[in-house]
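Sequences listed follow chains A and B, in order. Here the first sequence is numbered in this note's numbering, starting from 284 and rising by one per residue. Here the second sequence is numbered in this note's numbering, starting from 34 and rising by one per residue.
Since the hints were made in silico from the structure, they are not lab data. The beta carbon of each residue, even a glycine, is placed where N, CA and C say it ideally should be. Please note that a few of the clues may not be correct.
Restricting the straight-line Cα-Cα distance to at most 20 Å, the calculated cross-link-like pairs of lysine to aspartate or glutamate (EDC-like) are [to be verified]:
{"id": "1", "chain 1": "A", "residue 1": "K638", "chain 2": "A", "residue 2": "D531"}
{"id": "2", "chain 1": "A", "residue 1": "K461", "chain 2": "A", "residue 2": "E654"}
{"id": "3", "chain 1": "A", "residue 1": "K638", "chain 2": "A", "residue 2": "D438"}
{"id": "4", "chain 1": "B", "residue 1": "K176", "chain 2": "A", "residue 2": "D433"}
{"id": "5", "chain 1": "B", "residue 1": "K176", "chain 2": "A", "residue 2": "D431"}
{"id": "6", "chain 1": "A", "residue 1": "K461", "chain 2": "A", "residue 2": "E574"}
{"id": "7", "chain 1": "B", "residue 1": "K176", "chain 2": "A", "residue 2": "D436"}
{"id": "8", "chain 1": "B", "residue 1": "K176", "chain 2": "A", "residue 2": "D316"}
{"id": "9", "chain 1": "A", "residue 1": "K596", "chain 2": "A", "residue 2": "D552"}
{"id": "10", "chain 1": "A", "residue 1": "K638", "chain 2": "A", "residue 2": "D431"}
{"id": "11", "chain 1": "B", "residue 1": "K176", "chain 2": "A", "residue 2": "D438"}
{"id": "12", "chain 1": "B", "residue 1": "K176", "chain 2": "A", "residue 2": "E654"}
{"id": "13", "chain 1": "B", "residue 1": "K225", "chain 2": "B", "residue 2": "D257"}
{"id": "14", "chain 1": "A", "residue 1": "K461", "chain 2": "A", "residue 2": "E616"}
{"id": "15", "chain 1": "A", "residue 1": "K494", "chain 2": "A", "residue 2": "D637"}
{"id": "16", "chain 1": "A", "residue 1": "K606", "chain 2": "A", "residue 2": "D438"}
{"id": "17", "chain 1": "B", "residue 1": "K274", "chain 2": "B", "residue 2": "D192"}
{"id": "18", "chain 1": "A", "residue 1": "K596", "chain 2": "A", "residue 2": "E562"}
Taking CB as the label site, the calculated pair distances span [to be verified]:
{"id": "19", "chain 1": "A", "residue 1": "N400", "chain 2": "B", "residue 2": "Q243", "range": "43 to 51 Å"}
{"id": "20", "chain 1": "B", "residue 1": "T286", "chain 2": "A", "residue 2": "Y387", "range": "39 to 47 Å"}
{"id": "21", "chain 1": "A", "residue 1": "A356", "chain 2": "B", "residue 2": "A180", "range": "17 to 25 Å"}
{"id": "22", "chain 1": "B", "residue 1": "L102", "chain 2": "A", "residue 2": "L591", "range": "21 to 29 Å"}
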Amino acid sequence: MNSTCEASALELRIDPPRLPLDEAQAENGGLADHRTPLIRNCWYVAALGGELSRTPFARRLMGTEVVFYRTEAGEPVALRNRCPHRSFPLSKGRLDGDTLVCGYHGMAFEPGGRCVNLPSLANVPAGARVRSYELVERGPLLWIWMGDPDQADPDAIPDTQWLASPQWRTVSGSFHFKSDYVSMHENLLDQTHFPFLHPGAVGTPEYARSKLSVRREGEAVVIDRMLRQSPPPGIYAMPTGLTGKPVDRFSEARFQSPALHTAFARIVDTCPADGARGEFRFNITHCFTPESQGAIHYWWFCSRDFDLGDVAKDEFLRQASAKAYQEDVDALEAILEGIQNDAEPFSELHFAPDKPGLLMRRALFERARTEAGLRQSSVCNDRIDLCRNGINPTPPST
Amino acid sequence: MSLRPLIDLVVTRVRRVSSRVMELELHSPDGRSLPQWEAGAHIEIRVNDALTGPLVRHYSLLGATSGRLADDDPRDCWRIAIQRGRPGGAAEQLQQRLRPGQRLQASTPQNLFVLERHDPFALLVAGGIGVTPIHAMTRSLLKRRRAFAVFYVGRAIEDMAYHNELAALAGERLHCHPTSQAGRPDLLALLKRQPDGTRVYCCGPVSLIQSVERAAAVLGWSPDRVRSEHFTAVSPGMSEKPFHPNLRRSQLTLRVAAGQSILDVVGAARVDVLADCRRGECGLCVQTVLHTDGALDHRDSYLSVEERAEGRSLCICVSRTQGDHLELDL
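With the hints as extra help, turn the sequences into a complete structure.
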């Protein structure tokens, strides 16, 4: 519609062009997969606090090279690892106090990203800047925000307080491998694979068939499971000393955000020996950060609330967890490699126990779609045509 | 020639927001998302036709101007505001061209006026049309839940674009100062009553920015605590009038109107000159002056005092001559 208003009118307008909105929705039934654009408006784990020092180091996150260091006061810093002048990796430069000096032409950047020295010019131009990312240290984790800076709310960083709590003992490990976070999250919400991919360690056949309830909590997808009077799987049996003994098992698996999955397990010995402990808790923390589309960084943490000083149990849990997660990593790498090398059309089969994973994939797809600006906004279409109605467009004073 | 990529846009809405300011909505021609930007960012708009001649203008991006924080413009929409220029001037002619349906080209957003994330307190100071990046910054600071205040100077309240919308957003944190009633603002007193560690973000006429910088200096603030943005590098006390550059090697004589830059005109004549920042900072566009019949009006921050005194170099993106003729080795 072209406006026919007089030039003296308060407003002239035409309708803006619009993309057909179902274009993206049609793709893959509205489920995220390995091709879905990465979600940037999210706090991700960038590194462990111990990895940062006074020597800059680089890591690729969300398809972007990032350089990390600590200031003299110990504050963690994350800058884009690419000099805005000639793209030299800033991680190959050196620290001068709190500023990072590029190794190519000596441009110096303060922790906020502003260039404070440009040796070849007398005055530093205002536009000489490298992007600085919000980086927040919580327990052993450094959380980074690589999306819209206006949405970087530190209160939205997920709670992982048990990782730094004296009431818990944690063992951990990490992987860097070729998969995608969608498959990784789906793997963790899919408990029917446990007895087959991890026989004897994580799942039992009774557990795979036990009824689960799925619920959405905001964007989180939560699975609650309860299995009464069944022997615990190997990984929990040894540390609790309950091998072969029927126990009650309560678990919660939670897709918390694109960056985090947590699994809380409570094992209850309903008739403990005299003076023995009756309840054992495990909190498992899985953190994922895409390196790029098709590769992820993965940090896992296995925390327990009993026998905190028992190094033999530390070692058992570290090895048993690492073995199980390596089995997942191998499977997911094989899956993605297969998908990427398959030329024949394919459509996935889904079954009832896949519901949690599908809810998660739908949530990821919706977030990716919103970030891409594909959701129709009411702002443009609901506006009153002020020109035609002769209404003063200035909103009333408040 | 631009060293930065250009984006095609279509004007979809033109709306008067004050006695002197028009707001423009720009959309991508195919509904696809436009590049993302942060508060303080600006775009260069290019128009070149028989009526206006070549024009490059910088405009800060506004974000949604409904006065409601929850409203965000869709990703295929940018919003700018243009102040009415002198009758017959370049800005006036540009404004005449920018009607719904008009296609134009703009640069990708660039941000030379970035909000720091960890200021203990931010004081936003707007003068006149300088309110545009301040409006975007107000929205950002509210979304980021940071402590701030806005001080908005204008001639009269009815001339001050978006004062109602800013009041809706910022409430008590906004102070409007119409000089026709309240006289010149006491910037020293304003800065003095700010919390410790306050950083000032000022956009407006050069005279306002300089006054804020002087007040900060008097209070012993480090220069880094005043950040500013201005698009017309005007030397105080110097008028802007047309003149004729003569490009000796290209054998061309051109005309630079008030409001145009030598760089705009030289570029339109298809003489290839390297330029990047277009604000007298990077030094890429500096040319050798062979002769001029008036004083050189240096408006850059690149040339040294010695180079200026020598009178042989000119940053043609912002600087001019006060004479009628200027001969360049170009």
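Outcome of the hint check:
1. A:K638 - A:D531: violated (24 Å)
2. A:K461 - A:E654: violated (24 Å)
3. A:K638 - A:D438: violated (29 Å)
4. B:K176 - A:D433: Holds - the C-alpha atoms of A:D433 and B:K176 are around 6 Å apart, at most 20 Å.
5. B:K176 - A:D431: Holds - the C-alpha atoms of A:D431 and B:K176 are around 11 Å apart, at most 20 Å.
6. A:K461 - A:E574: holds (9 Å)
7. B:K176 - A:D436: Holds - the C-alpha atoms of A:D436 and B:K176 are around 9 Å apart, at most 20 Å.
8. B:K176 - A:D316: Since the Cα atoms of B:K176 and A:D316 sit roughly 31 Å apart, the hinted pair is violated (cutoff 20 Å).
9. A:K596 - A:D552: The given pair, whose Cα atoms are some 19 Å apart, holds under the 20 Å limit.
10. A:K638 - A:D431: violated (31 Å)
11. B:K176 - A:D438: At roughly 13 Å apart (the allowed maximum being 20 Å), A:D438 and B:K176 satisfy the hint.
12. B:K176 - A:E654: Roughly 17 Å between the alpha carbons, so the hint for B:K176 and A:E654 holds.
13. B:K225 - B:D257: OK: B:K225 and B:D257 at ~17 Å, within 20 Å.
14. A:K461 - A:E616: With Cα atoms ~6 Å apart, A:K461 and A:E616 stay inside 20 Å; holds.
15. A:K494 - A:D637: holds (13 Å)
16. A:K606 - A:D438: violated (34 Å)
17. B:K274 - B:D192: Violated, at roughly 26 Å.
18. A:K596 - A:E562: holds (17 Å)
19. A:N400 - B:Q243: 43 to 51 Å: Given a distance of about 25 Å, which is not inside 43 to 51 Å, the answer is violated.
20. B:T286 - A:Y387: 39 to 47 Å: holds (42 Å)
21. A:A356 - B:A180: 17 to 25 Å: Between A:A356 and B:A180, where Cβ atoms are some 22 Å apart, the hint holds.
22. B:L102 - A:L591: 21 to 29 Å: Violated - the Cβ-Cβ distance for B:L102 and A:L591, about 47 Å, lies outside 21 to 29 Å.
In summary, the structure is inconsistent with hints 1, 2, 3, 8, 10, 16, 17, 19, 22 from the numbered list given earlier, while agreeing with the others.
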